[in-house]
Each structure stands twice: as C-alpha cells, then as structure tokens.
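Novice: Listed below, chain by chain, are the residues.
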Amino acid sequence: MLALFAAAARAQDLSGVWLPEARPGVSHSNDDPDANCTLSGVPRIDLGPKPFKILQSSDEVVILYEAFTTFRQVFTDGRALPRDPQPAWMGYSVGKWEGDTLVVETIGFNDITWLDNAGTRHSESLHVTERFHRRDLKHLDIQITVDDPKALQHPITYTEHADLAQGTELHEFICLEGRK
Amino acid sequence: MKSLLILFALAPLHAQWLNYPTKNAPRTKDGKVDMSAPAPRGKDGKVDITGIWEPNGLKYLINIAADLKPDEVPFQPWAAAQYKERRANNGRDDPNNQCLPSGVPEKDAVTSPFKIMQFPGEMLILYESRTIYRQIFTDGRTMPKDFKPSWQGFSTGRWDGDDFVVETTGLNGKIWMDTNGHPLSDAAHVTERFRRRDYGHMDIQITIDDPKAYTKPWTVTENPHLLADTELLESVCEENNKDARHIVGK
Chain U
1 MLALFAAAAR
11 AQDLSGVWLP
21 EARPGVSHSN
31 DDPDANCTLS
41 GVPRIDLGPK
51 PFKILQSSDE
61 VVILYEAFTT
71 FRQVFTDGRA
81 LPRDPQPAWM
91 GYSVGKWEGD
101 TLVVETIGFN
111 DITWLDNAGT
121 RHSESLHVTE
131 RFHRRDLKHL
141 DIQITVDDPK
151 ALQHPITYTE
161 HADLAQGTEL
171 HEFICLEGRK
Chain Y
1 MKSLLILFAL
11 APLHAQWLNY
21 PTKNAPRTKD
31 GKVDMSAPAP
41 RGKDGKVDIT
51 GIWEPNGLKY
61 LINIAADLKP
71 DEVPFQPWAA
81 AQYKERRANN
91 GRDDPNNQCL
101 PSGVPEKDAV
111 TSPFKIMQFP
121 GEMLILYESR
131 TIYRQIFTDG
141 RTMPKDFKPS
151 WQGFSTGRWD
161 GDDFVVETTG
171 LNGKIWMDTN
181 GHPLSDAAHV
191 TERFRRRDYG
201 HMDIQITIDD
211 PKAYTKPWTV
221 TENPHLLADT
231 ELLESVCEEN
241 NKDARHIVGK
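Sequence lines, in order, name chains U and Y. Read in the working numbering, the first sequence has 122 at position 122, and its numbers run on one by one without any break. Read in the working numbering, the second sequence has 92 at position 92, and its numbers run on one by one without any break.
Some clues are possibly wrong.
For lysine-lysine, the following PhoX-like pairs were computed, each having C-alpha atoms within a straight-line distance of at most 20 Å [what the hints assert, rightly or not]:
#1 K59(Y) - K69(Y)
#2 K43(Y) - K23(Y)
#3 K23(Y) - K96(U)
#4 K148(Y) - K50(U)
From the derived model, a few chain Y residues whose C-beta atoms are all more than 12 Å from chain U [claimed, not checked]:
#5 P77
#6 D186
#7 P211
None of these hints come from the bench; they were simulated from the model. Glycine included, C-beta positions come from ideal geometry on N, C-alpha and C.
Between the sequences and the hints, there should be enough to build the whole structure, so can you do that?
Specialist: Structure representation (structure tokens):
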C-alpha cells in the first residue's frame, strides 16, 4: 500500500493548455484523410498546430484538442488495453506513470489515418507509445514511438515539444466550418 | 422523420470496455447497479453528478417542448413561421444532417451517452455523439470579450444547493433545439439545472431565455439515466454520412 501511495505521489501534474511547436510540412493533399473532417488519429494529432489541453484525475487523463473539438481518454486506473478492438480513428489508450513520465499505449486504429503530414501510412496493427514528460513549468516533451510490423521495417521514435499557453483557452473549432 | 433520426442512431463501434465495472457503484444483492440508491456526494458535500448518462429515448430530441402544449411555446412571430417551415420541410436543413454539431441545449437530448467529469475549475462533458467535448467553467471566469459565438457557447457553472446550475451565452444563432426545428437565436441565454435525483437518475431543467425568438422565458425538464459498467465509444459523423442526400424536404 505504501508503494502505491509513493507511485501515485510521483504522478506529475501535466494539466494546462499546450501549444505544439510549429513544424513545417502541413499537408495540402487532396488525399489527406483530414480533408474529410474525420479525426487525425494518433500520433498525427500530437503535431498540432492547434493547441490541446490536458486534464487529469486519479483514474484517467483527458486530452482535449482544439482541432475537431475532439478528445481522448487515457485510462490510468489499471485496466488493460482491449483485446481485438474495433478499429477507431483515435484508438484506445491506457496510461501508467513511470516516475514522473506518463506512458500512454494506444492500439486499435483504423488504417485510414496518416502518421504525419507527409502521408506515411500504417496498418491496423499500429501500436503507439507516447511518453509525456513535463520538463519544467512551461515545457512538455512527448516522446513518440510508432511500431507497426506490417507497415514499418522497424519502430520509429521521435520527440515533439509543446509550450504552455498560459492565460488562454481552447476555442470551438468545427472542421466542416473551418474548411469553407 | 425517420431519416432525420438515423444520424443519432448510427451504430457506433462495439463496446471495447463494456462490462468494465463502475467504481464505487452501489449494487443490489444480485450484483446489479442499484439505480435508486441515494445520489453520491463528494468530499465537499455536494452531489456528485459525474458519470455516464444517456437520455431516455428520442422524445426531447424530436421535440424539446414535448411536455408542453403547442400554444405554451411563446414564439415570436418570425420564429413561429420558421418552426412551421422547418416542420413542413421534414427538417431538411437541420445542421445535424451535415454533421455540424448539436448545439446547447439540444446536446442534452441527443440519444447517445455523455460523460460528466469534474476537475478543479471546470466540469467537463464528453459526448459520444460526434466525439466532441464541452467545458463548463467553475472558477469564476466570465466570457472573454473576444469570444466568438459558437454551437456550444460559453458556459459557466455554480452550485445552488444540490443543483449544478449552468449558464450559457455566446451561442451562434444557427442552433436547432430539436429535430423539429425549434430555433434559438444568438441572443439566447440558456440555463441548465442538473439535479441528480438518486444514483441512477438525473433531471435537467432547461430554461430558454431568448427574447429575439421567444416572447418570454420557458422551461422544460429532461430526464437522462445513468449508464454504469460501460464506457464511451468513438462516433465520427463525417466517416459515413449518407443521410444528407436522402433528406429532400418538400
């Protein structure tokens, strides 16, 4: 029991509005599934450029995205990833704390979403690991590992950075209206 | 009418965390959730309204004023005419048909589950329909001066006894409050009183104060029930919207 409390005490407070660091290569392709206003999937949605907000309870971490006004639930209550899940745009996520890093495992994707703005495809076997670490008050690192033995020769790991957007709030963004 | 409601009845994904037991739910001897047990309370003594809720059927989604007599809706003349036209057109122009969001207060009646969560400074509602969220701020903030009118507006919440009272303004004037087409203008001030009667039942008393569309405020009460031992699914309207072209109106 003491160990449990100690582990819980280490959970870092990730809550806040975060703005992903700008990156080149926004897609303007007609083949881009985002053009249909379906959800971007993971990890592409981590790339921004719109802000996201993290809210945290003892049982789950919720990530609200300004893009699509959509959300992800990351269950941290110890439940296992679903077996043979129905493919979804944003998959199914569980998280656990390793020290002060939140490690999120996500599976159960459809094979329509892109991994990045360049159009890298993946299969339904995609397994994404995101390690959320708040480096200091204003900086969040997300180390992303993409594993998909059917589509990739080997796992790919890279790190995204986001800055705390203090004093701001997410706006309602409806994709269908935004593309007019 | 049937075609209109298909959008809300889209079969979402099979439950992936179905039968995952809800923490601390009161149970009867046979292990079922005791829906008539007392409403739980938080450490602060307030009624805990968190959980996954679902409207009881389509009644208020079709007609928010279903419990009122037709002449009890205090339409302004233009709003009465617009409502009549929308009904005559079988709701062809309902924004939902194009996968635009359900606005406040139609969201309370959309027949798919929604999950209320409480965090410091805000109450959060996650909607299975459209996989969209709504933030209700409880930290005392007021609407920013540059707030852009939207489908969900700007909502603040406070406790009044056991009622969680949500006030919403900043709505975009495009909202249909139901599939029948009761209009809501950009001058609307919507008050929702969430009252958890017992473990498994909630009343949402909704007051529409919209002097542009209605001559006086009017009130209805909806009654969602708790969904225990389950979880929200993903539902993406744009994935396979085949309704719009089948809804032709007059």
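Novice: A cut-off of 12 Å on Cβ-Cβ distance, and P211(Y) was said to be off the interface with chain U. Does that hold?
Specialist: Consistent with the label, P211(Y) stays out of reach of chain U, its closest Cβ about 24 Å off (over 12 Å).
Novice: Is it the case that D186(Y) keeps its Cβ farther than 12 Å from each residue Cβ in chain U?
Specialist: Answer for D186(Y): holds, closest chain U Cβ roughly 14 Å.
Novice: Are K148(Y) and K50(U) close enough, with their CA atoms no more than 20 Å apart?
Specialist: Distance of about 17 Å is within 20 Å: holds.
Novice: Need the status of pair K59(Y), K69(Y): alpha-carbon distance at most 20 Å?
Specialist: Distance of about 14 Å is within 20 Å: holds.
Novice: Given the hint that K23(Y) pairs with K96(U), test it: the Cα-Cα distance must not exceed 20 Å.
Specialist: 18 Å, holds
Novice: Does K23(Y) lie within 20 Å of K43(Y) when you go C-alpha to C-alpha?
Specialist: Distance ~16 Å between K43(Y) and K23(Y) Cα, so the pair holds.
Novice: With d taken as the least Cβ-Cβ distance between P77(Y) and chain U, does d exceed 12 Å?
Specialist: Check passes; 30 Å lies beyond 12 Å.
Every hint from the earlier list agrees with this structure, and none is contradicted.
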